[in-house]
Amino acid sequence: MSRLALEGVSFSRGARAVLRGVDLRVEPGEVLVLAGRNGVGKTTLVRLATRLIPPSEGRILLDGRPLPQLRRREIARAIAVVPQETRIPFPFSVTEVALMGRAPHLGPLGFESRADAERAARALEQVGIAELADRSVLDLSGGEQQLAVIARAICQDAPILLLDEPTAHLDVGRRIAVLDRVRALAEEGRAVLVVSHDLGLTARYADRVALLADGRVAAQGSPDEVLRPEPLRQAFGVEAEILRTSEGAPVVVPLGRGVANSQGPSPE
Amino acid sequence: MLTRGRLVAVLGALTALLFAALLLSMVVGPSSVTLGEALRLLLGGEGEGAAADIVLRVRLPRALLAALVGACLAVAGVLFQALLRNPLADPFILGVSGGAALSGIAVLTLGSALGLGYAAVPPASSVGAILTVGLLLAVAGPRGRLSPTTLLLTGVVFNAFASAAIVFLASSAGLADGARIFLWLIGNLSDARVDVAGWVAVFLVGGLACAIPLARSLDLLALGEDPAAQLGVDVERAKRLLLVATSLMVGAAVSVSGLIGFVGLITPHLLRLRIGPDHRLLVPASALAGAAFLVLCDTAARSLLGGREIPVGAVTALAGGPFFLVLLRRHHRSVFPT
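Those protein sequence lines, which keep their order, are chains W and G.
Under our numbering, the first residue of the first sequence carries the number 1, and numbering increases by one thereafter.
Under our numbering, the first residue of the second sequence carries the number 1, and numbering increases by one thereafter.
Worth flagging that the hints you see were computed from the coordinates, not collected in a lab.
A virtual CB, placed ideally from N, CA and C, is assigned to each residue, including glycine.
Hints may contain errors.
Claimed, not checked - One-sided and incomplete, this derived list gives chain G residues near chain W with beta-carbon spacing under 7 Å:
{"#": "1", "residue": "E48"}
{"#": "2", "residue": "P213"}
{"#": "3", "residue": "D234"}
What the hints assert, rightly or not - Here are the in silico distance ranges between beta carbons for each label pair:
{"#": "4", "chain 1": "G", "residue 1": "G321", "chain 2": "W", "residue 2": "G143", "range": "49 to 55 Å"}
{"#": "5", "chain 1": "G", "residue 1": "R308", "chain 2": "W", "residue 2": "R114", "range": "37 to 43 Å"}
{"#": "6", "chain 1": "G", "residue 1": "G12", "chain 2": "W", "residue 2": "A117", "range": "22 to 28 Å"}
Said to hold, decoys possible - Which chain W residues stay away from chain G? Per the calculated CB distances, all over 12 Å, these:
{"#": "7", "residue": "R3"}
{"#": "8", "residue": "V18"}
{"#": "9", "residue": "G29"}
{"#": "10", "residue": "G128"}
{"#": "11", "residue": "D171"}
{"#": "12", "residue": "D180"}
{"#": "13", "residue": "R181"}
{"#": "14", "residue": "E225"}
{"#": "15", "residue": "A249"}
{"#": "16", "residue": "V251"}
Next up, chain W with everything else stripped away, as it sits in the complex (with noise of 0.2 Å):
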């Protein structure tokens, strides 16, 4: 089982300081959600967990151990990352994009075996999209291609998951399909880390929640814990309602722009 650590993570692009001194823990079996109003560093973190950039301060942990003392594809075989949105300019078939989340458990010249085959295919069907393993991806919705690159990423095998704005373009019924797979994958013993800004539908996936906000995480703990009024108005700006579903899980009902806070998103 692995986890991942950020202990006083702080980045700055240019003079701007986007993270300050973040601490942040993604522990095996659990959902973490990571929500934030935009351009506030959620991308930017998951870039700096899998070492695409250092920071500028602090340090991030994977099992304990250094991101810099780790090769590029220990990282790849232990974090598997979801992106807001991915383009792909050639006519790949679902399979093989899922095949691609095997790269880092072949050598650069290794073919896929028939185990990976029957692995692409299961995630194939696990995210709903058995249907559209021959099709070539230039072909799909932007929502199907998405679906294609989770499964991807469940076919990656890491014990760890960043998923980055993974549902923005999906209808609520697939929305609904991969909250439970993700959920699923945690309760297989992974450690997820879900950044969103939709608090309505993730919240309710999710065992700890956390609010970045100017740079910090502003408040962490249960979705029970974080999801208040006040919490929400540092974080975004806004004046929320907490309404309960019937199964006593919070809905975030956004009822205006607050004024404690309100120098507005910051552009991206």
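Following the hints, complete the assembly by docking chain G onto the known chain W.
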């Protein structure tokens, strides 16, 4: 899914196609050579007499050079398309061939004063190709996000500039041989020599040796640079190696044949339709198919008008221009996302 068996089968079929193209180019021409004779000579048989002379001294060196240049251009096309994530990229369209040609001509015209001979042209062309790629990336801005529109426009403008500069250099240096410069600008293989073919072969093998171990990385780069890195690819290293490989191959091809366009566009596209986009297969397949394609084009170029020869670059451009427009129309949505 790509398996070793499929790889062997496809590459075997394409090797047969290349051999057939070479065979055809041995028998087509003003002097008659029978298929049997050509086959015997191609397979290394000893030969004497007029037919052997024509095949071994005239047609074979030229066909081999066509094959090597075609392979270089097709592989360079595949690599540019993968690196720039743009199915419309091609060394000619990007202006990289133009930059290589300009650099080659500059050495040819100004270099004689420095004592540089013809041997300096292929490396100079490769340097020109590298500089042009550098220019393209500089235009792209610091993060290297080259929009397809910028890319194509830069290529078109740079090509026009390079052609003008070549004509200027050639005129001012008194290379009175205007017809030769013209032939070079449009791309032709009539100067084929065996020693030159050897040079191109070295550059091609070097380029393939860089590209084939990185073929799977090219597949992953199709997902984007960040996702590729997150799947374990050392993106910066792969890009550097591949740009050098591409520049070497383009430089070699251009220095012996001038500006032959569209081979790197047509071949990979047709291959993707038949065998899919997996680069582990596509890269070597492009080498074979590009070779066969240019051999066939050159055979057509020297035989279509009876005794008079058309530059092979005119044949590829006549086929490639309309092809490019069809591609542009088909890929408009994926290349130029709204």
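Hints, verified against the model:
With a cut of 7 Å, the hint placing E48 (chain G) at the interface with chain W is violated, because the nearest CB-to-CB distance is about 45 Å. At about 5 Å, the closest approach between the beta carbon of P213 (chain G) and any beta carbon in chain W falls short of 7 Å, and the interface hint on this residue holds. At about 6 Å, the closest approach between the beta carbon of D234 (chain G) and any beta carbon in chain W falls short of 7 Å, and the interface hint on this residue holds. Look at G321 (chain G) against G143 (chain W): about 37 Å separates their beta carbons, and that is not inside 49 to 55 Å.
Take R308 (chain G) and R114 (chain W): their Cβ atoms lie about 57 Å apart, and the range 37 to 43 Å is violated. Range check, G12 (chain G) to A117 (chain W): Cβ separation about 23 Å, and the 22 to 28 Å hint holds. The claim that R3 (chain W) lies off the interface holds: its Cβ sits roughly 18 Å from the closest Cβ of chain G, which is beyond the 12 Å cut-off. At roughly 16 Å, the least C-beta separation between V18 (chain W) and chain G is larger than 12 Å, which holds for a residue marked as non-interface.
With a cut of 12 Å on Cβ distances, G29 (chain W) stays outside the contact zone with chain G, its closest approach being about 23 Å. Once the 12 Å rule is applied to beta carbons, G128 (chain W) is consistent with being away from chain G; the minimum gap is 21 Å. No beta-carbon of chain G is positioned within 12 Å of the beta-carbon of D171 (chain W); the least distance is around 20 Å. Listed as a non-interface residue, D180 (chain W) keeps its Cβ farther than 12 Å from every Cβ of chain G; the least gap is roughly 24 Å.
Here R181 (chain W) stays apart from chain G, with its beta-carbon at least about 19 Å from theirs, past the 12 Å limit. A cut-off of 12 Å between C-beta atoms confirms that E225 (chain W) is not in contact with chain G; the least separation is 32 Å. Consistency note on A249 (chain W): stated as away from chain G, and its beta-carbon is indeed over 12 Å from all of that chain's, at 32 Å minimum. Against chain G, the non-interface label of V251 (chain W) holds: every CB pair exceeds 12 Å, the least being about 33 Å.
In the structure shown, a violation is registered for the earlier hints numbered 1, 4 and 5, in ascending order.
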